[in-house]
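Asks: Residue strings, one per chain:
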Amino acid sequence: GAGVSQSPRYKVAKRGQDVALRCDPISGHVSLFWYQQALGQGPEFLTYFQNEAQLDKSGLPSDRFFAERPEGSVSTLKIQRTQQEDSAVYLCASSSGKRRISPLHFGNGTRLTVT
Amino acid sequence: TQLLEQSPQFLSIQEGENLTVYCNSSSVFSSLQWYRQEPGEGPVLLVTVVTGGEVKKLKRLTFQFGDARKDSSLHITAAQPGDTGLYLCAGADGGATNKLIFGTGTLLAVQP
Chain Z
1 GAGVSQSPRY KVAKRGQDVA LRCDPISGHV SLFWYQQALG QGPEFLTYFQ NEAQLDKSGL
61 PSDRFFAERP EGSVSTLKIQ RTQQEDSAVY LCASSSGKRR ISPLHFGNGT RLTVT
Chain G
1 TQLLEQSPQF LSIQEGENLT VYCNSSSVFS SLQWYRQEPG EGPVLLVTVV TGGEVKKLKR
61 LTFQFGDARK DSSLHITAAQ PGDTGLYLCA GADGGATNKL IFGTGTLLAV QP
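Chains as they are written, first to last, in my numbering: chain Z, 1 to 115; chain G, 1 to 112.
Honestly, the hints are just simulated from the structure, not real lab data.
For glycine and all other residues, C-beta sits at the position ideal for the given N, C-alpha and C.
There's no promise every hint is true.
Not the full set, but computed from the structure, chain Z residues with beta-carbon under 7 Å of chain G [what the hints assert, rightly or not]:
id, residue
1, 45
2, 53
3, 107
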């Protein structure tokens, strides 16, 4: 498809497990964002990539969170030693980055539940 | 820290009624966007406003950006059940990445 694809759609992890969430952005999109969204709340910024460079990781809540985009396309958000407070929907968004204000195209998210 | 507060947090109305959602901040934003999100899906962009005082219309939806670029409103005329969803405003922080800061959200339910 032509949209942003995220996998898995749902992930259940036991506390202490590591998880990896994948994002396939729209082909050719330079900018890629990760957001965390609690139920009924607005998304909160986690990190931003321009091509393969991680230019902003100010929103990552702890050093257990790590993101990469090694070839400037697919990105992976990794959470180590998951905690219950990590339960949320993780959204990925991409944009062309060709203009200062480029529309963000969101995937449908990965719902993470830590038990 | 830039914060965007939305009000009301929840709104349940009957089909055909009008409503207004507010998005307020003490910070100035270089641009502001409105998104709608349905359950199990990602937010979808409705509109972008850039200039203070700007008004944009999208069918029954009217968006306004405050003169000082610190606040915005979304007005829906004659709401329909298909308008149901989570409405999110988002301001561009104007920094190097110009990342979006999302508001707290307004959950709208339109009853038939």
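Asks: So, for every hint listed, does it hold in this structure?
Replies: A quick look at each hint next to the structure:
1. Checking residue 45 of chain Z against chain G: minimum C-beta separation of about 6 Å stays under 7 Å; hint holds.
2. Evaluation of the residue 53 of chain Z hint against chain G yields a violated restraint, the C-beta minimum of about 11 Å exceeding 7 Å.
3. Of the supplied interface hints, the one on residue 107 of chain Z holds, with its beta-carbon coming within about 5 Å of a beta-carbon of chain G, less than 7 Å.
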